[in-house]
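**Student:** In case you want the letters, here they are:
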Amino acid sequence: MVTATPAKLVYTRPDSLSETPTHYCPGCTHGVAHRLIAEVMDEMKIRGQTIGVAPVGCSVFAYNYFDCDFVEAAHGRAPAMATGIKRLLPDRFVFTYQGDGDLASIGMAEIMHAAGRGENITVIFINNAIYGMTAGQMAPTTLPGQKTTTTPNGRDVEQAGFPLHMAEVLAMMDGVGYSVRRSMHDPKNVRQAKKAIRTAFETQKRGLGFSIVELLSTCPTNWGLTPREALQWLEEHMIPVYPVGDYKVSSALEGLRV
Amino acid sequence: MARELLKGNIAMAEAAVRAGVEAYFGYPITPQTELLEWMSARMPELGRTFLQAESEVAAINMVYGAACTGARVMSSSSSPGASLMMEGISYIAGTELPVVLIDVMRGGPGLGNIAPSQGDYNQIVHGGGHGDYHPIVLAPSSVQEAIDLTVLSFDLAEKYRSLVFVIADGNIGQMMEPAELPPMQPLKKKYPDWATRGAEGRERRILSSIYIQPDDEEVVNLRLMENWKTIEANEIRYKEYYLDDAEIVVVGFGTAGRVAYSAVRQARAEGIPVGLFRPISVNPFPFKQLSDLSKSAQTFLVVEMNTGQMLDDVQRAVAERIPVDFYGRLGGVTPFPDEILDEIHRVARQPVALGIDPRIAWVERLKAALN
Numbered sequence: 001m002v003t004a005t006p007a008k009l010v011y012t013r014p015d016s017l018s019e020t021p022t023h024y025c026p027g028c029t030h031g032v033a034h035r036l037i038a039e040v041m042d043e044m045k046i047r048g049q050t051i052g053v054a055p056v057g058c059s060v061f062a063y064n065y066f067d068c069d070f071v072e073a074a075h076g077r078a079p080a081m082a083t084g085i086k087r088l089l090p091d092r093f094v095f096t097y098q099g100d101g102d103l104a105s106i107g108m109a110e111i112m113h114a115a116g117r118g119e120n121i122t123v124i125f126i127n128n129a130i131y132g133m134t135a136g137q138m139a140p141t142t143l144p145g146q147k148t149t150t151t152p153n154g155r156d157v158e159q160a161g162f163p164l165h166m167a168e169v170l171a172m173m174d175g176v177g178y179s180v181r182r183s184m185h186d187p188k189n190v191r192q193a194k195k196a197i198r199t200a201f202e203t204q205k206r207g208l209g210f211s212i213v214e215l216l217s218t219c220p221t222n223w224g225l226t227p228r229e230a231l232q233w234l235e236e237h238m239i240p241v242y243p244v245g246d247y248k249v250s251s252a253l254e255g256l257r258v
Numbered sequence: 001m002a003r004e005l006l007k008g009n010i011a012m013a014e015a016a017v018r019a020g021v022e023a024y025f026g027y028p029i030t031p032q033t034e035l036l037e038w039m040s041a042r043m044p045e046l047g048r049t050f051l052q053a054e055s056e057v058a059a060i061n062m063v064y065g066a067a068c069t070g071a072r073v074m075s076s077s078s079s080p081g082a083s084l085m086m087e088g089i090s091y092i093a094g095t096e097l098p099v100v101l102i103d104v105m106r107g108g109p110g111l112g113n114i115a116p117s118q119g120d121y122n123q124i125v126h127g128g129g130h131g132d133y134h135p136i137v138l139a140p141s142s143v144q145e146a147i148d149l150t151v152l153s154f155d156l157a158e159k160y161r162s163l164v165f166v167i168a169d170g171n172i173g174q175m176m177e178p179a180e181l182p183p184m185q186p187l188k189k190k191y192p193d194w195a196t197r198g199a200e201g202r203e204r205r206i207l208s209s210i211y212i213q214p215d216d217e218e219v220v221n222l223r224l225m226e227n228w229k230t231i232e233a234n235e236i237r238y239k240e241y242y243l244d245d246a247e248i249v250v251v252g253f254g255t256a257g258r259v260a261y262s263a264v265r266q267a268r269a270e271g272i273p274v275g276l277f278r279p280i281s282v283n284p285f286p287f288k289q290l291s292d293l294s295k296s297a298q299t300f301l302v303v304e305m306n307t308g309q310m311l312d313d314v315q316r317a318v319a320e321r322i323p324v325d326f327y328g329r330l331g332g333v334t335p336f337p338d339e340i341l342d343e344i345h346r347v348a349r350q351p352v353a354l355g356i357d358p359r360i361a362w363v364e365r366l367k368a369a370l371n
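Here the protein sequences come in this chain order: A and B.
The first sequence: position 169 = 169 (this note's numbering), numbered continuously.
The second sequence: position 294 = 294 (this note's numbering), numbered continuously.
Chain A with its partners taken away, still in its complex shape (with noise of 0.2 Å):
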């Protein structure tokens, strides 16, 4: 008689994620990305009660991919359209998913101002130092020297000027009531990037404000590198200049373990 081992699942798809396949390019950190929002969606089983709000840029699509609720911005103003959906209706999750182009560039003033007012939101902030989908333009966090389509000899910050470190800036305002940031470039920075998303969250759930996750991400594409070498690019060149760690945390989340 054959006994068959029972297996054990391990690993599947959260379920606020959709089943379309995604059109990131091999080696991106957006899926990553998407897929820890959407296991956080899951385990504070939210997904019925979460609008998501997506940019323009590379991740223009994110409306596709979750299993939620979705609306679409104009560039930049994914903060703005997040405020009118989260007074309107309070008590569901409300966020943005939203590149370094769409958020410290175009976006500058809605950001800053969302967060001014303690909006309770969460934005995930994907910064990979560069505009994807307009294939490698300078954005506002390309780092000195970083050579991309319009900064073809590198960033010269005499003339183009200096990256914008969107995670500290943000700390600084009262409004907030997290902000940090974290890498996706290996499995241990995977996972506390969860950990801070899954915080984010619990942050707009007990109403302390605005909360933001910024994600030093890869973009193998269009920094011309293979995948593997993006994600030592992204620890040898981005995490110097873009330090990962907690810059404000609201004492109110202390002892918060996720």
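Read the hints as simulated data drawn from the structure, not as lab findings.
Hints are not guaranteed to be accurate.
Here are the simulated DSBU-like pairs of lysine-lysine, each with C-alpha atoms no more than 30 Å apart in a straight line [unchecked claim]:
#, chain 1, residue 1, chain 2, residue 2
1, A, K195, A, K248
2, B, K7, A, K45
3, B, K239, B, K7
4, A, K205, B, K189
5, A, K8, A, K147
6, B, K190, A, K205
7, A, K205, A, K195
8, A, K205, B, K188
9, A, K45, B, K229
10, A, K45, B, K188
Pair by pair, the computed Cβ-Cβ distance ranges are [as the list claims (entries may be wrong)]:
#, chain 1, residue 1, chain 2, residue 2, range
11, A, P240, B, K189, 54 to 60 Å
12, A, R13, B, T30, 50 to 56 Å
13, A, P90, B, L5, 33 to 39 Å
14, B, I356, A, E158, 58 to 64 Å
15, A, M133, B, Q298, 57 to 63 Å
16, B, L111, A, T149, 34 to 40 Å
By construction, the Cβ of each residue, glycine as well, lies at the ideal position given by its N, Cα and C atoms.
Position chain B relative to chain A; hints supplied.
**Tutor:** Positioned in the frame of chain A, the structure of chain B alone reads:
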């Protein structure tokens, strides 16, 4: 409800409150600021949403998000602020959301001034945002009409899932006159089946203006066009005065129409066969009604507080059947009835010749009058 002495901006705000607006987002700009101020006190008092945005750009995008919940939402602004909203307006049109916006127009272009103007006709009626879309645009000429059209706007916005503008000039916003407010409507309890309020117990919903496949976007554009054709067939509004035997037809909307009414009454007292046609829906525009009138009248005189933005639409309706003359004041100047009466006298003597742009002689007359 009794008639009370009401300021236009406040009357429109309170009319929106009574029409069941659930959220207002706006930014201060003269001459519409009293509307925002009224909402800042009134909305929280009723447990509804008021938020002063950091800019008109943010305000319209807050409205965009709030409209996605299926609630009655609005903003208001004045010309430069309306310009800033154009991006969001195009997105709202592309997402097919019901939204009410009030533009209390002022002198321009640029920073211009804060005096009454009708210079936003083209920007609002013919679309200042990108892509093909058609908002419903209503133009009041009194505080009472501003109240009535504001209430109507919310119904039309929901009926057609459309943007509806009330374009009032600074006169309508700032002046006080007796008017009657409507009774308070209860807030709606049921939200439409497209609203994104959380997917509990149902399929997820997505609201977006992106259709990445051109074939899909073409279908959306066609749907918008069909919706617009229905609106054109059902929502033409206008008012006629002394038109039965009129040989001269004055055409004006909003304040220009109201001032023209005084002149037309005076001319009638003098025995001149003149009447007034006042478009209330400037979009959809009463092309057919004006076309029909041009078959019985001998000449038209268009009066505006701009350089003839509506004149182009009137000329299209008249199709060179009869002469269309023009008189306008610019940059925030409101014409007096006497000026329009003089124009009626002039047109009665000798209207502009067919096929000649009436602006050429009008510019010379205005320059001479100003010197």
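**Student:** Run through the hints listed earlier and report the numbers of any the structure violates, in increasing order.
**Tutor:** 2, 5 and 9
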